[in-house]
Amino acid sequence: MNRFVWIALFILGLLVPLVVYPVFMMKLLCFALFAFAFDLLLGYTGLLSFGHAAFFGSASYVTGHLVKNSGLTPELGVLAGTLFAGVLGYVVGSLAIRRQGIYFAMVTLALAQIVYFVALKAPFTGGEDGLQGIPRGVLFGLIDLNRVYSVGGHPLALNLYYFVFAVFCLGFWIIHRTIHSPFGQVLKAIRENEPRAISLGYKVDRFKLMAFVISAAMAGMAGATKSLVFQLASLTDVSWHTSGEVVLMTLLGGVGTVFGPLVGAFTVVTLQSELSSVGSWITVIIGSIFMVCVLVFRRGMVGELARLLKRPL
Amino acid sequence: MADFILETKKLSKEFKGFSAVNDLNLQVERGHIHALIGPNGAGKTTIFNLLTKFLTPTTGTILFNGIDVTREKPADIALRGVIRSFQISAVFPNLTPLENVRLALQRPTGTSYQFWKSDRCLRKLDDRAMELLASVGLEAHSHEVTGELAYGRKRALEIATTLALEPELMLLDEPTQGMGAEDVEKITALVKQASANRTILMVEHNLKVVASLADRITVLQRGAILAEGIYAEVSKDPRVLEAYMGRAHE
Ligand SMILES: Nc1ncnc2c1ncn2[C@@H]1O[C@H](COP(=O)(O)OP(=O)(O)OP(=O)(O)O)[C@@H](O)[C@H]1O
Ligand SMILES: [Mg+2]
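Going line by line, the protein sequences match chains A and B.
At position 4 of the first sequence the residue is numbered 730 (this note's numbering), and the sequence of numbers has no breaks.
At position 239 of the second sequence the residue is numbered 243 (this note's numbering), and the sequence of numbers has no breaks.
Just so you know, the hints here were simulated from the structure itself, not pulled from any lab data.
For every residue, glycine included, the Cβ atom is placed at its ideal position computed from N, Cα and C.
A couple of the hints might just be wrong.
[Claimed, not checked] Okay, the calculated beta carbon distance ranges per label pair:
1. Lys847/A <-> Gln91/B: 33 to 39 Å
2. Gly1005/A <-> Thr113/B: 52 to 58 Å
3. Ala836/A <-> Leu245/B: 46 to 52 Å
4. Glu135/B <-> Arg1037/A: 27 to 33 Å
[Claimed, not checked] Calculated pairs, BS3-like style, for lysine-lysine (alpha carbon to alpha carbon, straight line, at most 25 Å):
5. Lys190/B <-> Lys128/B
6. Lys212/B <-> Lys158/B
7. Lys158/B <-> Lys1036/A
8. Lys158/B <-> Lys190/B
9. Lys158/B <-> Lys196/B
10. Lys20/B <-> Lys77/B
11. Lys190/B <-> Lys212/B
12. Lys929/A <-> Lys14/B
13. Lys77/B <-> Lys14/B
14. Lys929/A <-> Lys128/B
15. Lys20/B <-> Lys929/A
[Said to hold, decoys possible] Calculated Cβ distances over 10 Å to all of chain A for the following chain B residues:
16. Glu18
17. Ser23
18. Asp27
19. Thr49
20. Asn69
21. Asp72
22. Ala154
23. Leu169
24. Gln181
25. Met183
26. Leu194
27. Ala215
28. Gln225
29. Pro242
Extracted from the complex, chain A is given alone in its bound form (with noise of 0.2 Å):
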C-alpha cells in the first residue's frame, strides 16, 4: 500500500472528530480494530473463531475493575485488560487449535459461552448490570480524559478521542505488521495448504497458537478502550451476539483485505445507531443485509472492489 494512503488517512483520522460526533468514531475504531484483529485469524490463517467476543469482553471487564477499583491510569488499564486477552486467548486457542473447520469454531464459542456465564456469576462483574461508571481517569497522570474543548460551539471529547486513535494506530499497526511478518508468511502458507507447510517441517499449530494469542490480545486491546469510552462493561461485550457481530463486519468488508474489517466496522456501526429507533427489527434489517452481501458481494465489499479494481486494497 502506498505512503502517501497511510498519510492521508492518518491525517483523516486526526480531523475527523471535528466533523463526526466523536463518540460515534470512537466506538467505530474500537470496532474495526475488534474486526481487524479478527481477520487476522480468519483472513490470515483461516481459522474462523466464534468466540471472539470472549477476549474483547473480558479485557473490557478487566479494564473496568481496574480502573474503577484499583485507581491505575487508562493506559495501564488498557494494558492489563490486552495481557488478559492474549492469557485466555493461550487458554483457549490451546484447547481448540488441535480442531478443525467447523468443530474449531464451536469449541471457541462454547468455551465463549464459559467466559458468559462467568461474567455473569463473579461477584465483581456486576452481574446483569455490568460495571458501569468506569472512570475514564488521567492518562499517564497528565491528561484528563475527560476534559472536553468547545469547538465552534460544539463540546468535543478530543482527549478521549486521540487516545482512542492512537490506541488503535498501535493495535493496527501491530496487526499489520504481524500479517507482513517472516511469521505472517508462515500464516499464509498455512491458509493456503496446511499439509503443504507441515510437510515442509512448520508445526502448524504452534503458529495457529501464536496468532490466535495476538488476535485475543488486539480484540482485548480493542475491548479495554471501549470500556473507557462507554464508561461500561456488560454482559453484551462477552456476548455470542458479539461474536457474531464480529464475524459480520469482516464478511461485509472483506475476509483479508487491508481495509475490509474497517468498511465492514463502519457499516455495521452506522447502520446500528441510524437504525436504532427501530428497536429489535435492527437485528432482521443488519441479518437481511448481510444475507444480500453474502450473495452479492462474495468477497465483502472492499474484496469485490479490488477484484474490479485488480488491485488489492
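Put chain B with the ligands on the given structure of chain A with help from the hints.
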C-alpha cells in the same frame, strides 16, 4: 551390506478393519531412485502418509537412518530431512511461485516465528529462490499467481519447493500424473537431476518413467509386496504381469 536410509518393519495400517497396508517390510537404499508401483488402491499413498506420519501406523516400525521415527510428528519427520510431495499438486495457490519456494527456504533460517519483523528481510532469499525456479524452468513465471499456472508448472514448482529444503530423502507421489508427454519428459529429467546426492522414493504409474529412472522397484498389491527388484526382473515376473499389467496376457 547395503546401506538403507529407510526401512519399515511389519508396517500395517487398518481402516476400520480394512487393511490398506499389511506387514510391509520396505527397504530403500541410500542414493537410489526407488519406485513404488501397483494398481489403484494398492496402498501406495497410504504408505507415504505413514512414512511422513500424516497417518499413524496401526502396528510396525519406521526407521530413518537407523533411528526409530515411528512416534514422531509430521513436522519432525520433515525436520529430519524427509520431504514429501502430494498426489494432488501441493502449492500455495494465492502466493507467487517465488513466495512458494521462499517459504521452503525460510524454514531453516529460524526467522519464522518473528512477527515483529518486516517480511522485507526475506528478500535475501530471493536469489536462491530464483535459482531454484530457473532449475525447473519457471523463472519467467516467478511473480504470477501460482493457482493460475498450468498443471505441469505447478508440479514443477512443487519439486522446486521440495528441493529448496535439500531433503535427504524425497518422496514423490505420482509426479507425472495427468501430464502430456512433453511435461512427462521434463519432470523425468528433473527427477533425474534431483537424484544427485539424495535418495528418492517415488510412486509412479507411468512405466516408461519407472523404467528410465528407477534403480529398484517394489510392486505392491493389496497393501503387501508382490515383487521387488530391478525393472528387467520385475517386468518379467509372471505375478506382476498378472496383477499389474494384466493386459500382457491378451
Ligand atoms: N483415510 C482412509 N480411510 C479409509 N480408507 C482409506 C483411507 N485412505 C485410503 N483408504 C483405502 O486404502 C486403500 C489404499 O489407498 P491408497 O490411496 O493408499 O491407494 P494408492 O495405491 O495410492 O492408489 P492410487 O493409485 O489410486 O493413488 C484404498 O482402498 C483406499 O480406499
Ligand atoms: Mg495414491
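How the hints compare with the structure:
no. : hint                               : verdict
1   : Lys847/A <-> Gln91/B: 33 to 39 Å   : 52 Å, violated
2   : Gly1005/A <-> Thr113/B: 52 to 58 Å : 57 Å, holds
3   : Ala836/A <-> Leu245/B: 46 to 52 Å  : 57 Å, violated
4   : Glu135/B <-> Arg1037/A: 27 to 33 Å : 30 Å, holds
5   : Lys190/B <-> Lys128/B              : 29 Å, violated
6   : Lys212/B <-> Lys158/B              : 22 Å, holds
7   : Lys158/B <-> Lys1036/A             : 23 Å, holds
8   : Lys158/B <-> Lys190/B              : 13 Å, holds
9   : Lys158/B <-> Lys196/B              : 18 Å, holds
10  : Lys20/B <-> Lys77/B                : 22 Å, holds
11  : Lys190/B <-> Lys212/B              : 13 Å, holds
12  : Lys929/A <-> Lys14/B               : 28 Å, violated
13  : Lys77/B <-> Lys14/B                : 20 Å, holds
14  : Lys929/A <-> Lys128/B              : 23 Å, holds
15  : Lys20/B <-> Lys929/A               : 29 Å, violated
16  : Glu18                              : 22 Å, holds
17  : Ser23                              : 24 Å, holds
18  : Asp27                              : 26 Å, holds
19  : Thr49                              : 12 Å, holds
20  : Asn69                              : 16 Å, holds
21  : Asp72                              : 19 Å, holds
22  : Ala154                             : 18 Å, holds
23  : Leu169                             : 7 Å, violated
24  : Gln181                             : 17 Å, holds
25  : Met183                             : 20 Å, holds
26  : Leu194                             : 18 Å, holds
27  : Ala215                             : 28 Å, holds
28  : Gln225                             : 27 Å, holds
29  : Pro242                             : 38 Å, holds
In summary, the numbered hints that this structure violates are 1, 3, 5, 12, 15 and 23.
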